[in-house]
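Sequence lines, in order, name chains L and X.
In this text, residue positions in the first sequence follow our numbering: the first is 53, and each later residue adds one.
In this text, residue positions in the second sequence follow our numbering: the first is 14, and each later residue adds one.
Just to be clear, a hint being listed does not mean it is correct.
One side of the interface only, derived from the structure: several residues of chain L facing chain X at Cβ under 10 Å [stated by the list, open to error]:
hint, residue
1, G123
2, N124
3, A144
4, D146
5, I147
By construction, these hints were calculated from the structure, which means they are not laboratory data.
Computed from a predicted structure; not experimentally measured.
All C-beta atoms, glycine included, are put in the ideal place defined by N, C-alpha and C.
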Amino acid sequence: MPRLDRNGDTSVSIEFEGVAISAFEGDSVAAALLSNGYRNFRDTPVNGASRGAFCMMGVCFDCLVEINGIGNIQACMTEVRAGMHIRRQRGARDIHAQDGSL
Amino acid sequence: MKHPDAIVVGGGLVGAAIAYGLQRTGLSTLMLDEGDVALRASRGNFGLIWVQSKGINFPPYASWTWDSASLWPTLDAELRDLTGDVLDLHQPGGIEFCLSDDEIKKCRGDIRRLHAHAPQVAAEMLDHKALSKMLPGLGPDVVGGRYCRGDGHVNPLSLLRALHKGLLTKGGEIKSGSPVRSIRHQGGVFTVATNTEQHQSARLVLAAGLGTRDLAEMIGLDIPVRPIRGQNLVTEKLQPFLPFPCATIRQTGEGSVQIGASEEDVGFNDATTPRILNKMAARAVTIFPHLKQARIVRVWGALRIMSPDGYPIYAQSQRFPGAFAAVCHSGVTLAAVHTLKLAKAIAEGALPDAVSAMNPERFANAQT
Ligand SMILES: Cc1cc2nc3c(=O)[nH]c(=O)nc-3n(C[C@H](O)[C@H](O)[C@H](O)COP(=O)(O)OP(=O)(O)OC[C@H]3O[C@@H](n4cnc5c(N)ncnc54)[C@H](O)[C@@H]3O)c2cc1C
Ligand code: FES
Numbered sequence: 053m054p055r056l057d058r059n060g061d062t063s064v065s066i067e068f069e070g071v072a073i074s075a076f077e078g079d080s081v082a083a084a085l086l087s088n089g090y091r092n093f094r095d096t097p098v099n100g101a102s103r104g105a106f107c108m109m110g111v112c113f114d115c116l117v118e119i120n121g122i123g124n125i126q127a128c129m130t131e132v133r134a135g136m137h138i139r140r141q142r143g144a145r146d147i148h149a150q151d152g153s154l
Numbered sequence: 014m015k016h017p018d019a020i021v022v023g024g025g026l027v028g029a030a031i032a033y034g035l036q037r038t039g040l041s042t043l044m045l046d047e048g049d050v051a052l053r054a055s056r057g058n059f060g061l062i063w064v065q066s067k068g069i070n071f072p073p074y075a076s077w078t079w080d081s082a083s084l085w086p087t088l089d090a091e092l093r094d095l096t097g098d099v100l101d102l103h104q105p106g107g108i109e110f111c112l113s114d115d116e117i118k119k120c121r122g123d124i125r126r127l128h129a130h131a132p133q134v135a136a137e138m139l140d141h142k143a144l145s146k147m148l149p150g151l152g153p154d155v156v157g158g159r160y161c162r163g164d165g166h167v168n169p170l171s172l173l174r175a176l177h178k179g180l181l182t183k184g185g186e187i188k189s190g191s192p193v194r195s196i197r198h199q200g201g202v203f204t205v206a207t208n209t210e211q212h213q214s215a216r217l218v219l220a221a222g223l224g225t226r227d228l229a230e231m232i233g234l235d236i237p238v239r240p241i242r243g244q245n246l247v248t249e250k251l252q253p254f255l256p257f258p259c260a261t262i263r264q265t266g267e268g269s270v271q272i273g274a275s276e277e278d279v280g281f282n283d284a285t286t287p288r289i290l291n292k293m294a295a296r297a298v299t300i301f302p303h304l305k306q307a308r309i310v311r312v313w314g315a316l317r318i319m320s321p322d323g324y325p326i327y328a329q330s331q332r333f334p335g336a337f338a339a340v341c342h343s344g345v346t347l348a349a350v351h352t353l354k355l356a357k358a359i360a361e362g363a364l365p366d367a368v369s370a371m372n373p374e375r376f377a378n379a380q381t
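All chains should be built: construct the whole structure from the sequences, respecting the hints.
Structure representation (structure tokens):
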């Protein structure tokens, strides 16, 4: 999905599932993933179905990802920062294995 | 139109368990319920099948509760076969945590009194070390807890749905959006009127939760229930870490952690308050410190259906044979006996002996 360029936007590098991708600072993480061609953000905890961003406005919770080690973060409500490590949210969040910060 | 063999007023856990129970004995049953906007403990409760604290000073309630917990696997299997619904029933035993020596003392005393008449409950006190072995991640400030192998939990919304579905599958009828406004009795037949319809039957069961009080008055029964609010919090879905249901914390089959439930005497008000929610969350974090990182995704309040002594009330009208009433504050726990025993006895015409001490006359006697 192409993104309209606006003058002065800063392009930064972030990581999704270990792959470096480029994104614009201030975009939502969901927009960044979608414009890089990723539609599959998570597997549901109950039956493992794949889901991705749907409402893009914070209400559906279908866009959950893990960012810098913290699970269940709404990608559509989180702004891109340079160097973010993003992973797919696989099933329920694990709050024992957590040491990162946003 | 042919009259149903029985009418049940109230489609919560108590009404639905009885209606399904009547239908499964072969009585054609009509269940009348209110609409979406109604007070419904059955849609806001904590989902425990809980034995260890029930009937400590009232043996008939302790054994009625024990019976129900023992019959739960039967009800679960029957509803699953009939409806295909999975209720997430687990009965691994349950724990009530003690955060002070006073709480330990109280739990210990309760066990002693309960075992005097209900030794089968076999509750035991566990110290911090023993609990830590069962529950990795337990907070250092948990002094100990009371464990009872008879306790369990279930998804209460799935249960409600399965009872409704079971009733329909067996050929019963449900009318929601049908608040009952009046009840008349003539020639052995009850006429129950909603705003728009009338229904008749020779058998009538009032199981309308907090609405039972007004309805029961119409047939000369005094069912003195009042609301006691409970607030609840639910977290995002988390990896399983809590293999036992606990008195105020349980992890559901899908991974959410439910934190409950306050007990507040605030009338017909099911709102939530930050002060109480904070207190509940803080206690949960003391018990499991890592819960501090969990996000709360929903909070709500719901109203318990409380009798003056806290025990259930089962009534049959002397003046109008065929009319019954049933209310209780542990409708999840008691769903199995309500379906498999109470409804069967009502179908046969009289309340079972097991509940005779839980009559409403006990309150009149208490006043004189
Ligand atoms: C916070 C909280 C936590 C709880 N935790 C537990 C627990 O862990 N374990 C447990 O066993 N129990 C628990 N309970 C108690 C349990 O939820 C109730 O005992 C049970 O839901 C009561 O079911 P009911 O059918 O009597 O009442 P309700 O669920 O209130 O249903 C009554 C129904 O009757 C209908 N009605 C009322 N008036 C009329 C009328 N005039 N005409 C037609 N319909 C009418 C209402 O619309 C409603 O649907 C808890 C309750 C609360 C509030
Ligand atoms: S896309 Fe709906 S909450 Fe993020």
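Here's how the hints hold up against the structure:
1. G123: 8 Å, holds
2. N124: At about 5 Å, which falls below the 10 Å cut-off, the nearest Cβ of chain X leaves the hint on L/N124 intact, so it holds.
3. A144: 4 Å, holds
4. D146: Holds: closest Cβ of chain X sits about 4 Å from L/D146, inside 10 Å.
5. I147: 5 Å, holds
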